[in-house]
Amino acid sequence: MKAIPEAKSSNRRSALFLARFVVLLVAFYLIVASHPVNDAVIVPFTAAVARVSAVVLNVFGEKVQVHGTELRSERFAVEIENGCNGVETALLFGAAVLAFPAPWRRRLLGLLLGFLAIQLINLVRVVTLFWVGAHRPALFGPSHTVLWQSIVVLCGVLLFLLWASREARARSAAKEVADGSNAPR
Amino acid sequence: MARTRRAETPTARARGAEPDAFAVRLDAGAALRAVAGFALTLGVWFAFSAPYEGTLAAAAQVLVRTFESPAVTTLESTPGEIHVERSDFPADSGRPGLPAADTHFNFVLLGALFALAPHPLRPENFKRFWIAAVLLWVVHVVALVFEIESLYATRLGPWSAEHYGAAARNFWAAGFHFYQILGRFAAPFALWWGVGRPAAPTAARAGKGAGKG
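In the order they appear, the protein sequences are chains A and B.
Everything in the first sequence is counted per this note's numbering, starting at 302 for the first residue and increasing by one.
Everything in the second sequence is counted per this note's numbering, starting at 304 for the first residue and increasing by one.
Honestly, the hints are just simulated from the structure, not real lab data.
Ideal Cβ placement from N, Cα and C applies to all residues, glycine included.
A few of these clues could be false.
Take a look, some chain A residues computed to stay more than 10 angstroms from chain B by CB distance [what the hints assert, rightly or not]:
(1) V333
(2) A334
(3) E380
(4) G434
Computed Cβ-Cβ distance ranges for the label pairs, DEER-style [as the list claims (entries may be wrong)]:
(5) B:A470 to A:E382: 25 to 35 angstroms
(6) A:L317 to B:W440: 35 to 45 angstroms
(7) B:L343 to A:A328: 49 to 59 angstroms
If we strip away everything but chain B, and leave its shape as in the complex, we get (with noise of 0.2 angstroms):
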């Protein structure tokens, strides 16, 4: 403890100590802010995941389409499936559903991540938090472009061998299968860190600062 407070110290500050920029802080009340986050955020998820869902639906149809042609993916999203639907599927054919939760539920993780803060309320927090969350958004859109991908390369038979190459059907596949296994849960920690977490002090900063603890 002694230690850490002599690492923190005005003095050190202020001599112009470059900023670090691994200073992560971990202490019971940050933990504890952080399942308090948690809780709160899964209470969130589960009450806003329908017309999120509706949101992804209609940013990956746009882009799915964009690349189409002719443009014939439609998405529709009911609670927790996001049911794919093509208007050159054979109408007797069955359509395809896809689970929602698993592509979006590391949303939780962002809201405990940034939980952590030691002022996790105050605007600037949210701010960055805001950030985060708009860009977890995109990551959701793209992954759910790669599913749709994914599906119509590997698994309509033999209408994906013939639309779609070997190296094509790796790509969408891959990248798919990367987003499940480690993608989605590292998303969520490396946009904290990249956008979350409090800016190291500047030595300028830290010496105006410095007195006022």
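Next up, chain A with everything else stripped away, as it sits in the complex (with noise of 0.2 angstroms):
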């Protein structure tokens, strides 16, 4: 008898959990795709994440320079748009954390912790593929499209879940030792 309540409720919830997911989405989109935001905030990073990608292509010898969002050698030069700079990722996995029912404080060191991942990730993919692009230009094409925007994008959904798991296991525990200790003896 209790059952078909407590479902209800669980999907209601879940179902909860999706509309403010998205709702966050498209304010994300709102503020990030406004001319201001993407001039004063996304084109900087967007050229911080060339420079930082271009020190570590000099380490392994590839003699990269940067011009703005661009990094350019003698074989191969690439433009790091919006779509390649994390920040996609990032805007998803802020939405789906906020969205999720947690206290604030686990919310923003997990946004914190995810965003740093989420750029060490994207670091890995523009390094190579400009290196895939030098040395095996015929690559770059699907390499860029379909595979490292795909692993970029699950390792962020995977980041997600790695926290909300450590997150439901940590109100399950509070919501049994409450149980517990209300429970008749």
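Join the two chains into one complex using the hints; note that each chain is given alone, in its own frame.
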């Protein structure tokens, strides 16, 4: 008798998570797609991604120069655009973390660590793609469009699930402790 | 670990604990299954991209022509591209081609997420996967319609300005841009969350299953 309302309540909360996730995504989109934010935040951030990538590529002997958001060597040149700077995956991750019921302190910690992890993965992506473009140019197209975009987003989703599963465990444990202390002896 | 087990004990379930809508589990096994699912779906995607693009072009053409008067748009898919043909284009003008993979490569992400399930090859999981895949196909068709309308509204110079007002230009362009920036990555996740995750145990089912582990 109790199961149906509970399942309904569970489905409702799951649907609410999805609704919050979508609303946050649209809000994030409106913010990052606006020209002032794009010019003042996204473009300088992308240029920073290009500079860090160039440092790593130069460590591996690629002799890369940076011009704004462009990486250039004697063999290959590539422009890092929106979609290649890890911001989209970070926004996806951020929307999911903020939509998920958790204490604010843990959410903020998750956002910070998740953002850093996503940027690290994206750095590997940019460096790898530049190397592929310079040394295996035929593979650049599919690697860029399909493989690495999917890998970075999949990593973002897995990072969210890792954070959320820890969060769910903590909540279950807290609930059980509370249930235990209220149980009749 | 111990706390995880305690949270899932039959005793706890049998007490009639409320099913947790956010019962998310990610362990090393699930992550490995996701990687294997990713690789497998990538292979399927490469093998069937061309016919899949044919179905997208056919469905999007029907939708675009439904709202056109006269109906002049024809979409032709070649591997990797969907060509937009209008019978009122001048004969000597170029035909725009849209990169198709950008629209539908997120199918690979959907496959990887469904592989997270503890038993991904069970019929129940497959059924949910196919429901999500059909819904993702609908998302792809709608995204393609937005891409074509965005092309008509913003990239055909004076013709665009003559046939599309400011509101229509913004609507189609922003819709397509949203899909490009966030929507195409969010869609597989949202579909998996809504359709793909195993149902949370209800108190009645959990009570029945208590003791079976």
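message: Output the indices of the hints that this structure fails to meet, ascending.
response: Violated hints: 1, 2, 6 and 7; rest satisfied.
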